[in-house]
Amino acid sequence: ILNVEQSPQSLHVQEGDSTNFTCSFPSSNFYALHWYRWETAKSPEALFVMTLNGDEKKKGRISATLNTKEGYSYLYIKGSQPEDSATYLCAFPAGTALIFGKGTTLSVSS
Amino acid sequence: NAGVMQNPRHLVRRRGQEARLRCSPMKGHSHVYWYRQLPEEGLKFMVYLQKENIIDESGMPKERFSAEFPKEGPSILRIQQVVRGDSAAYFCASSPDEGYEQYFGPGTRLTVT
Chain E
42 ILNVEQSPQS LHVQEGDSTN FTCSFPSSNF YALHWYRWET AKSPEALFVM TLNGDEKKKG
102 RISATLNTKE GYSYLYIKGS QPEDSATYLC AFPAGTALIF GKGTTLSVSS
Chain C
38 NAGVMQNPRH LVRRRGQEAR LRCSPMKGHS HVYWYRQLPE EGLKFMVYLQ KENIIDESGM
98 PKERFSAEFP KEGPSILRIQ QVVRGDSAAY FCASSPDEGY EQYFGPGTRL TVT
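Just so you know, the protein sequences line up as chains E and C, in that order. Heads up: the first sequence begins at 42 in the numbering used here, then just goes up one per residue. Heads up: the second sequence begins at 38 in the numbering used here, then just goes up one per residue.
Note that these hints are calculated values from the structure, not bench results. Treat the hints with care, since some could be wrong.
In silico BS3-like links for lysine-lysine, alpha-carbon gap of 25 Å or less [said to hold, decoys possible]: (1) C:64 x E:143; (2) E:119 x E:143; (3) E:98 x E:110; (4) C:99 x C:81; (5) E:143 x E:110; (6) C:64 x E:83; (7) C:64 x C:88; (8) E:83 x C:99; (9) E:110 x E:83.
Note that the structure is a prediction, hence the values are computed from the model and not measured.
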């Protein structure tokens, strides 16, 4: 059974703090890793699709790195803002399905 | 370009009734996925469909649940004789092809009383 683990489960930071969280996934038969941002009462929004070992992707203040050999990806947020408050999900393709982690819920206080 | 649309957004059913959840994929997308989020759980894959075909239903309960994606019209997830344990948020996603990024709808929150 494929398992995607995310840590921490929740995180509370002050505005301006930089933060990061982890996604662990099976390192064998790697194909891709997806990161999503999910605000309350909205749809999960795709952030990154990462495919290459050592890959680093960036979108504004959010960036992600990938290590396929050891099976982890980090998501970084630089200078967190209250609008960054959301649940961040990673997902690992298994056949036609995406296997999601339970997410890291980030809360940013102003 | 409208995103993935789901309706209704909220659905209340009594035990034993039928629930029908609709999903209209993004324009140009012919691949539809249904996921379920139970309380305190993450998103779990249920079924993957292309137009008129079920490709993978490995995540769908064997009884009472069915899905279709007709040639015309939205994809439908149908739950017959609902029970309290079916209460969950049901999300639909679409993609232009298999293996591509999936775009999610806002979900339908089903409550069974």
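Structure-based check of each hint:
1. C:64 x E:143: Answer violated: residue 64 of chain C to residue 143 of chain E is near 29 Å, above 25 Å.
2. E:119 x E:143: Satisfied, since the Cα-Cα distance of roughly 22 Å is no more than 25 Å.
3. E:98 x E:110: holds (18 Å)
4. C:99 x C:81: holds (15 Å)
5. E:143 x E:110: holds (22 Å)
6. C:64 x E:83: holds (20 Å)
7. C:64 x C:88: holds (13 Å)
8. E:83 x C:99: violated (29 Å)
9. E:110 x E:83: violated (34 Å)
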